[in-house]
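Note that the protein sequences, when read in sequence, are chains C and H. Quick note: the first sequence uses this note's numbering, first residue 1, plus one each step. Quick note: the second sequence uses this note's numbering, first residue 1, plus one each step.
Hint data in this document are derived by calculation from the structure and do not stem from the laboratory. Mixed in with the good hints, there may be bad ones.
Claimed, not checked - Below are the PhoX-like pairs computed for lysine-lysine, each with C-alpha atoms no more than 20 Å apart in a straight line:
#, chain 1, residue 1, chain 2, residue 2
1, H, K278, C, K313
2, C, K39, H, K44
3, H, K44, C, K313
4, H, K44, H, K278
5, C, K125, H, K268
Said to hold, decoys possible - DEER-style ranges, computed between Cβ atoms:
#, chain 1, residue 1, chain 2, residue 2, range
6, C, T395, H, D148, 50 to 56 Å
7, H, E301, C, D35, 23 to 29 Å
8, C, L36, H, D283, 34 to 40 Å
Where is the CB? At the ideal position from N, CA and C, for every residue including glycine.
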Amino acid sequence: MKTLYVLLSLATISTSVALAAPEMPAGDTPDPYRDLVIKTEGGLEVTTTDGEFSLELGGRILADAAIYDEDKNALGNGSELRDLRLDLEGRLYADFIYEFSVDFADGEADVKDAWFAYDAVYPWKFSVGHFKEPFSLEELTSKRYLTFMERALPNELAPGRSIGIGAHWSGQRVTFAAGFFGDDYNDDADDEGDEGWGISSRLTFAPWAEERSALHLGVAAGFRRLDDEEEVRFDTRPESHITDIRYLDTGKLEQSRSIALLGLEGAWVTGPFSLQGEWMQAKVERDTGTEPTFDGWYLQASWFLTGESRRYKQDAAKFGRIRPLSEHGALEAAARFSSLDLNDGEIEGGSSDNLTLGLNWYINRQIRLMANAIFVDNDRFADADGDVEAEDEPTIIQLRAQVDF
Amino acid sequence: MFAPGKTTLLLVLSLFWLMPAWVVASSSDPHTLVIGKISHNPKKHYRYLKPMLIYAVDKMRDLGIRRGKIRMVKSKEQLADLVARGEVDWVTETPIAAAYLHEMSGAEILLRKWKKGMPEYHTVFFSRTDGPVKRLEDLKGKIIALEDPASTTAYYLPLNAILQKGMMPVRLKSFREKPPPDKVGFVFVREEINIATLVHKGLVEAGAFSNLDWSKDDHLPSQYRREFSIIQRLPSVIRAVELVRRDLDPAVRERLEEILLKAEDDPKAAAVLNAYQKTRRFDKLSRDQKQSIYDMYAIMEFVDQSL
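The following block holds chain C by itself, in its conformation from the complex (with noise of 0.2 Å):
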């Protein structure tokens, strides 16, 4: 059974939305000049010239292959195809905006963004559906333009998409985010037991954010109510999705609760240099009394060797698309250092450090090729819950060809 609050509350903004769309101004005013503007640079884009109406339609394809040097455990060469998504976005009566994006890349349809906002009181926007939970920069940043192929370790803490509404405001150095949320739309709902929620909310300061040159810092915390079953679980693999070995695995924590997040990130940008920086942590409330808390950090940095520069995009704080400089692309030298540690008293989820060396060539705008090198040192703990061997220290080879448009 779904919970009821969340099914209450889509059902109510999605009644007063709907009822009160057909009084939009739009269109009622006939405009001998209204035509469409059509683009296809990346995906393919058609406005109305007045602007209040688009429709986007986009995608993404992310091809990988990992080699591992193994070291006491089979992680499995081989390749996939990361993501398979097709995106659609668009504006709708001028002050309605959607997302719908479907990943197809373990074969079957997997619902990411799918979400309606409105954009009527700058600087608000008021969104329902199924999006990302304001935390962590790293997590809302589009896997598109992150450095490294795959999310540092503590991102297994970040809560990542689910369905609920949120508001987002931005000021000129500021911006608030915060929601309520149900569960995951891809969680499995078979039980009968009440749905879990949460809230999460996000602020950020960026105290200069100009073109080549920004600072960004930002604060997130959420709190989560676990459904009925009473159960969590951390688990993640190394820095590379292609194994199934997820090293760090705390088991399924029963008579749990809820879970208290708290986030904190930073970044600086300047010129072709920047750096990114993240520490999170999650405490779980236990019915044992117990508090069990885990958390992870991790550092980066970056430099463009054809001297582009990270863009971060202060509305939104988050990072966005990298535009070569030159017809011959952008090439990208990066390093991280990430550490997650899920040991916490009688809780023995191991603990794991990951150093990546990275090097991305953008070949133009859409395309972008990517070597990711990743040294592992898991501790004696990090034995996927007694599956496979502690202590392991692989290293990883990575690549990934990506286009999105």
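Knowing the structure of chain C, use the given hints to seat chain H on it.
Just chain H now, kept in the frame of chain C:
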């Protein structure tokens, strides 16, 4: 730890229910302020214009203005027609378009817009330092890359300068065509980075765009800039202006002027100005400054008729 009961939760949800309902209902009044712009990228410009429109309309409620509307069109002719018919009240444009709108529709300059933070800009002609073009006169029989036929600093002003030197420009469909030896060939390449790239590769001998583009890495990568020389700078012109239609209600016109002038001191407007093409502020122009913009219509006409 936060754990709301059912009542609290329903109250929170009611707030979310009420918010959009209130906002939508309040925008259904027919008194509308319309902002217009020439645009070939309406999706992008819509996002630029909307915050400012909402901000202005919100401060005009006592004048009966209840909602705003954006009208973007593909050409200056279409925009002039809408202004003349009273269907567009307020326009944000560059000087050449402003001169045309004034001439054809009677639109009047209200204020200067410090678009991208700049009060003025000017055209720079540039070429490869090791290339054959060292001054404008060397362009005869050569090709210059320009942006598009609506641009002030990367079309009208440079072509006017070429004409003033007694040289005749001729439009080429491609940079692969060869211009007549006694004329200056020009090609439109849409984006500043394309101008820079063609000059750098030696496919055209020169380019022209604004001094702001010259110092912007996205438009002219520093590695290109090191190999280029500026061969001529033209006099500065006003960066951008806000215009209103001549018969706009004087109270609305006055209020719009007041809102825009005060925006730089209003903390709530900071993000709005930033969205509005990174405008730093608005200020008043003298009668002579306005006239200098209106006089650019003659440049436009001269260039158009010469081709």
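Against the structure, the hints come out as follows:
Restraint check: the Cα-Cα separation between H:K278 and C:K313 comes to about 13 Å, which is no more than 20 Å; the hinted pair holds. This hinted pair checks out: C:K39 and H:K44 have alpha carbons roughly 12 Å apart, not beyond 20 Å. Between H:K44 and C:K313, the direct Cα distance comes to roughly 14 Å. Compliance with the 20 Å bound is thereby established for this hinted pair. Distance restraint check for H:K44 and H:K278: the Cα-Cα separation of roughly 14 Å lies within the 20 Å cut-off, and the hinted pair is therefore satisfied.
Between the alpha carbons of C:K125 and H:K268 the distance comes to roughly 16 Å, so the proposed pair stays at or under 20 Å and holds. Between C:T395 and H:D148 the beta carbon distance is about 52 Å. The supplied range of 50 to 56 Å therefore holds. Judged by the Cβ atoms, the range 23 to 29 Å given for H:E301 and C:D35 holds: they are separated by roughly 27 Å. A hinted range of 34 to 40 Å for the beta carbons of C:L36 and H:D283 is consistent with their spacing of about 37 Å.
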